[in-house]
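Protein chains: 2
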Amino acid sequence: MESTSLLYLQITKSLKHQIETGVLKEYDKLPSLRKICIDYDVSMNTAIRAYEELDRDGYIESIPKSGYFVHRRNHRFRSIPSVTNPELFTKNDNQEGVVTTMVKNFDNATIHLSSANLGPELVPIKKVNKALLAATQTLSDSGTIYRRQGSLKLKIEIAKRTYGWGGNLKDSDIVPTSGSMDAIAFCLLALTKAGDTIVVESPCYFGILRLANSMGLMVVELPTHPITGLEIDAFRLLISKRKVAACVVVTNFSNPLGSCMPTENKKELVRLVTLHDIPLIEDDLYGDLYFEHTRPKSCKAFDEAGMVLWCGSFSKTLVSGYRVGWVAPGKFKDQIERIKLYYTLQSSVITHEAVGNFMESGAYEKHLNTLRPILRDNCYQFQKTIHEYFPAHARVSQPLGGMNLWIEFAPGFNALELYNKAIEKGLSITPGRAYTLQNQYLNCMKLSFGLKWDTKMERALKLLGKLANE
Amino acid sequence: MESTSLLYLQITKSLKHQIETGVLKEYDKLPSLRKICIDYDVSMNTAIRAYEELDRDGYIESIPKSGYFVHRRNHRFRSIPSVTNPELFTKNDNQEGVVTTMVKNFDNATIHLSSANLGPELVPIKKVNKALLAATQTLSDSGTIYRRQGSLKLKIEIAKRTYGWGGNLKDSDIVPTSGSMDAIAFCLLALTKAGDTIVVESPCYFGILRLANSMGLMVVELPTHPITGLEIDAFRLLISKRKVAACVVVTNFSNPLGSCMPTENKKELVRLVTLHDIPLIEDDLYGDLYFEHTRPKSCKAFDEAGMVLWCGSFSKTLVSGYRVGWVAPGKFKDQIERIKLYYTLQSSVITHEAVGNFMESGAYEKHLNTLRPILRDNCYQFQKTIHEYFPAHARVSQPLGGMNLWIEFAPGFNALELYNKAIEKGLSITPGRAYTLQNQYLNCMKLSFGLKWDTKMERALKLLGKLANE
Numbered sequence: 000m001e002s003t004s005l006l007y008l009q010i011t012k013s014l015k016h017q018i019e020t021g022v023l024k025e026y027d028k029l030p031s032l033r034k035i036c037i038d039y040d041v042s043m044n045t046a047i048r049a050y051e052e053l054d055r056d057g058y059i060e061s062i063p064k065s066g067y068f069v070h071r072r073n074h075r076f077r078s079i080p081s082v083t084n085p086e087l088f089t090k091n092d093n094q095e096g097v098v099t100t101m102v103k104n105f106d107n108a109t110i111h112l113s114s115a116n117l118g119p120e121l122v123p124i125k126k127v128n129k130a131l132l133a134a135t136q137t138l139s140d141s142g143t144i145y146r147r148q149g150s151l152k153l154k155i156e157i158a159k160r161t162y163g164w165g166g167n168l169k170d171s172d173i174v175p176t177s178g179s180m181d182a183i184a185f186c187l188l189a190l191t192k193a194g195d196t197i198v199v200e201s202p203c204y205f206g207i208l209r210l211a212n213s214m215g216l217m218v219v220e221l222p223t224h225p226i227t228g229l230e231i232d233a234f235r236l237l238i239s240k241r242k243v244a245a246c247v248v249v250t251n252f253s254n255p256l257g258s259c260m261p262t263e264n265k266k267e268l269v270r271l272v273t274l275h276d277i278p279l280i281e282d283d284l285y286g287d288l289y290f291e292h293t294r295p296k297s298c299k300a301f302d303e304a305g306m307v308l309w310c311g312s313f314s315k316t317l318v319s320g321y322r323v324g325w326v327a328p329g330k331f332k333d334q335i336e337r338i339k340l341y342y343t344l345q346s347s348v349i350t351h352e353a354v355g356n357f358m359e360s361g362a363y364e365k366h367l368n369t370l371r372p373i374l375r376d377n378c379y380q381f382q383k384t385i386h387e388y389f390p391a392h393a394r395v396s397q398p399l400g401g402m403n404l405w406i407e408f409a410p411g412f413n414a415l416e417l418y419n420k421a422i423e424k425g426l427s428i429t430p431g432r433a434y435t436l437q438n439q440y441l442n443c444m445k446l447s448f449g450l451k452w453d454t455k456m457e458r459a460l461k462l463l464g465k466l467a468n469e
Numbered sequence: 000m001e002s003t004s005l006l007y008l009q010i011t012k013s014l015k016h017q018i019e020t021g022v023l024k025e026y027d028k029l030p031s032l033r034k035i036c037i038d039y040d041v042s043m044n045t046a047i048r049a050y051e052e053l054d055r056d057g058y059i060e061s062i063p064k065s066g067y068f069v070h071r072r073n074h075r076f077r078s079i080p081s082v083t084n085p086e087l088f089t090k091n092d093n094q095e096g097v098v099t100t101m102v103k104n105f106d107n108a109t110i111h112l113s114s115a116n117l118g119p120e121l122v123p124i125k126k127v128n129k130a131l132l133a134a135t136q137t138l139s140d141s142g143t144i145y146r147r148q149g150s151l152k153l154k155i156e157i158a159k160r161t162y163g164w165g166g167n168l169k170d171s172d173i174v175p176t177s178g179s180m181d182a183i184a185f186c187l188l189a190l191t192k193a194g195d196t197i198v199v200e201s202p203c204y205f206g207i208l209r210l211a212n213s214m215g216l217m218v219v220e221l222p223t224h225p226i227t228g229l230e231i232d233a234f235r236l237l238i239s240k241r242k243v244a245a246c247v248v249v250t251n252f253s254n255p256l257g258s259c260m261p262t263e264n265k266k267e268l269v270r271l272v273t274l275h276d277i278p279l280i281e282d283d284l285y286g287d288l289y290f291e292h293t294r295p296k297s298c299k300a301f302d303e304a305g306m307v308l309w310c311g312s313f314s315k316t317l318v319s320g321y322r323v324g325w326v327a328p329g330k331f332k333d334q335i336e337r338i339k340l341y342y343t344l345q346s347s348v349i350t351h352e353a354v355g356n357f358m359e360s361g362a363y364e365k366h367l368n369t370l371r372p373i374l375r376d377n378c379y380q381f382q383k384t385i386h387e388y389f390p391a392h393a394r395v396s397q398p399l400g401g402m403n404l405w406i407e408f409a410p411g412f413n414a415l416e417l418y419n420k421a422i423e424k425g426l427s428i429t430p431g432r433a434y435t436l437q438n439q440y441l442n443c444m445k446l447s448f449g450l451k452w453d454t455k456m457e458r459a460l461k462l463l464g465k466l467a468n469e
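Going down the list, the sequences are from chains G and C. Numbering-wise, numbering that gives the first Met the number 0 puts 410 at position 411 of the first sequence, and it's gapless, one number per residue. Numbering-wise, numbering that gives the first Met the number 0 puts 325 at position 326 of the second sequence, and it's gapless, one number per residue.
This is chain G alone, in the form it adopts within the complex (with noise of 0.2 Å):
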């Protein structure tokens, strides 16, 4: 026994040395225990101890049928940020300051610390342009005639990927749109009028919030944890005790937080909002970014009742120049296609079919596959360095997907002066002021990593950390 124990205490020390020390990555897959067998020459059990002693430390991680794999939660370097605690009943303030500095500002960053998108290095752009070549050859009339039902290849795609997460939508259910904004304007102006209250996280993607304050609506911000999202007990308070017109979440990896609600609270979201009647526009569009092993689910894969408008994008994913986004309305359909028509007629088709094109030839999933350990890595690069240099106080959210990273510094740290001070240097990063529409987070910030992460990214992090600590 003596001998035998030893002999897996050694696999498992020289394996966590190899983890630790980084060349064995977040992800990696570890030898099977065949090699482990045969490299450490110990029998089958021995290596099956030492697996099982690295799976308790929170080392590695066994996936059914693939095999182990070096888990990421050994790379916590921070304690995650608090969970946001708004006021449920107060009037909305503005943010409308904060924005529109940022949107005049941006062309003076030559580095972008905070824009959600991914850099020209991580999109295929010659494979895009060759589905957008074929998109005129396989539209009629090349797409230049007006098509109000869209690419039908777009929409038979679009439902075919929610088998994965148990959507089985049909292209029917598909409401071709340019973006997922466009969506859920779409979607508000079909349900909402000046005057309603709409639900959100907290913080919030400023865009929904600049939106939902141009149109008149009341806005009540939820408490919002940074792992599993929405707290689903402040959401059945408040509706027990206020009208609400819809509620909007980005329920997978969202912006800012980054924060993914586990299955069991997006069936519990969706139990409420049937029983109240309450639309739920969900924002999925960074739902196919994910870092572990599947897809997570949407709130659509439980809606019976038809409550929600699954809302998604290409803009996160592949092409945010061109425009391609949707909406499932599920009983809503009628609505938002009819203020679709209204509003703009159309989408533009021969984009839409070029992004067809490209699901339909696979290439959409291998891109997919390539991007999302890019996006994990640049992640981690991200998270590193902030440990190595950022103050001692900053927490750090833990996005298991996405491109979003939430920092909170300790409070009475002013994030808006760090804005201030980085657009001097040359570096955008995104206040956390932005992110509410009441008085808060000015102690945060958000940062992104869709970027490709080189050495000049590195620098400019490490630039941004200094100034922090000023």
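You may find that some hints are simply not true.
Pairs involving identical chains hold if they fit within one copy or between any two copies, as the list cannot separate such chains.
[To be verified] In silico DSS-like links for lysine-lysine, alpha-carbon gap of 25 Å or less:
(1) Lys103 - Lys152
(2) Lys169 - Lys103
(3) Lys455 - Lys266
(4) Lys152 - Lys129
(5) Lys90 - Lys192
(6) Lys383 - Lys365
(7) Lys103 - Lys330
(8) Lys332 - Lys103
(9) Lys242 - Lys192
Keep in mind that the hints were calculated from the coordinates and are not lab data.
Since the structure of chain G is provided, determine the placement of chain C on it from the hints.
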């Protein structure tokens, strides 16, 4: 004198005969005076006298520096419809039912006699494809990445063309949009709120009415002349009695009337909106499709105070499927850009750049030069066929551009019934009721002549006449 007199009469008789029998078509150029001298063996004075006589009789017209042309007025087959007379101070009714029926039935029609768009045969598809392919080269990152400022080339080309009618805009004055409905929607979202009053022509394109209605706006319809458009006196009266948040006018070759406001009326309208601080949303989407010799000016040409939001589109002139439009919002630019950002972030940049490339190469001017005589001829064929096959009491508008015809039947005629009969035969028309929020135009309908004129179209129009006679 006797013989000279006879000689010039011989010339006029011969040319009148050629014009009346269609050997010389409207807008055809007549032989030069020099050629007349040679052909008829007469003196220059006799030739001049003959042309002066033809001019006085309305057969031809002289265009400075260009020569003599067959006058179009010669081809007024029917009386024009009445000046419209909507109620100025009344509640808005609704026409959603009619529009919904039309949208639902759209695919049941095999021949669209009412779609205001170009048939594919009239679109230079190969050249457009080439311009799209070029855009993957002329845009950095092939236009796959966010580019909030849009296609600079498109903005430059749009601005350049305004010099042709005294617009004198710069590229920075132009905000690109996804078609002109998108542009109008942004304008109304930026400038109005639910409960506000806007002013439109009557009849008015149903898309604008549906949009306004869905926004909760009150719509005042103004009396409109089938030739000269919006009645300025009525506008003056209205704004003296009621607060108006915005005015939406299709100044050139409107849909459905085909009217074109005279330059003096445009000047006066701009003077009035400036004096009363009423934003003027000018939808100029048909302006380039003029049948006469020069492009009509836009109100924007007289806009010194920045009160005109000049909207346009390539949907009627080139590529409806690409969704390329714009607005030059004058002093409201910041508001419009903000609304655009909130609702849709940006337009599809690659299709916009494609149109920019198409214009830059000179292909757009060439295309328009080819297209205009075709549309003019289509209009002639429609009017001729209507004259021959429609009930004698039907009046027809006399557009000098665009692609829309307004038909007014005798009072009591039911155009909705005609619509139903026509759709059963696979023909689409638009009943007049769609173009108003009041209970009027029940005896009217709109036809469009943007599709290729051929024997199929001719048979369809004759069949429609037969149905109208029943």
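Each hint tested on the structure:
With identical chains, the CA atoms of Lys103 and Lys152 are at most 25 Å apart between copies only, with a shortest distance of 22 Å across copies and 38 Å within one. In the homo-oligomer, the alpha carbons of Lys169 and Lys103 lie at most 25 Å apart only across protomers (20 Å), although the nearest pairing inside one protomer, at 42 Å, exceeds that limit. When the C-alpha separation of Lys455 and Lys266 is checked against a cutoff of 25 Å, the pair qualifies neither within a copy, at 43 Å, nor between copies, at 56 Å. For a Cα distance limit of 25 Å, the shortest separation of Lys152 from Lys129 qualifies both inside one copy, at 16 Å, and across copies, at 23 Å.
Taking the closest pair of Cα atoms, Lys90 and Lys192 come within 25 Å of each other both inside a single copy (18 Å) and across two copies (20 Å). In this assembly of identical chains, the alpha carbons of Lys383 and Lys365 never lie at most 25 Å apart, being 28 Å within a copy and 59 Å across copies at closest. For the identical chains of this complex, Lys103 and Lys330 are inter-copy neighbours only, at 18 Å across copies versus 40 Å inside a copy, given an alpha-carbon limit of 25 Å. Only between protomers do Lys332 and Lys103 lie at most 25 Å apart by alpha-carbon distance; the minimum there is 14 Å, versus 37 Å within a single protomer.
For a Cα distance limit of 25 Å, the shortest separation of Lys242 from Lys192 qualifies both inside one copy, at 13 Å, and across copies, at 22 Å.
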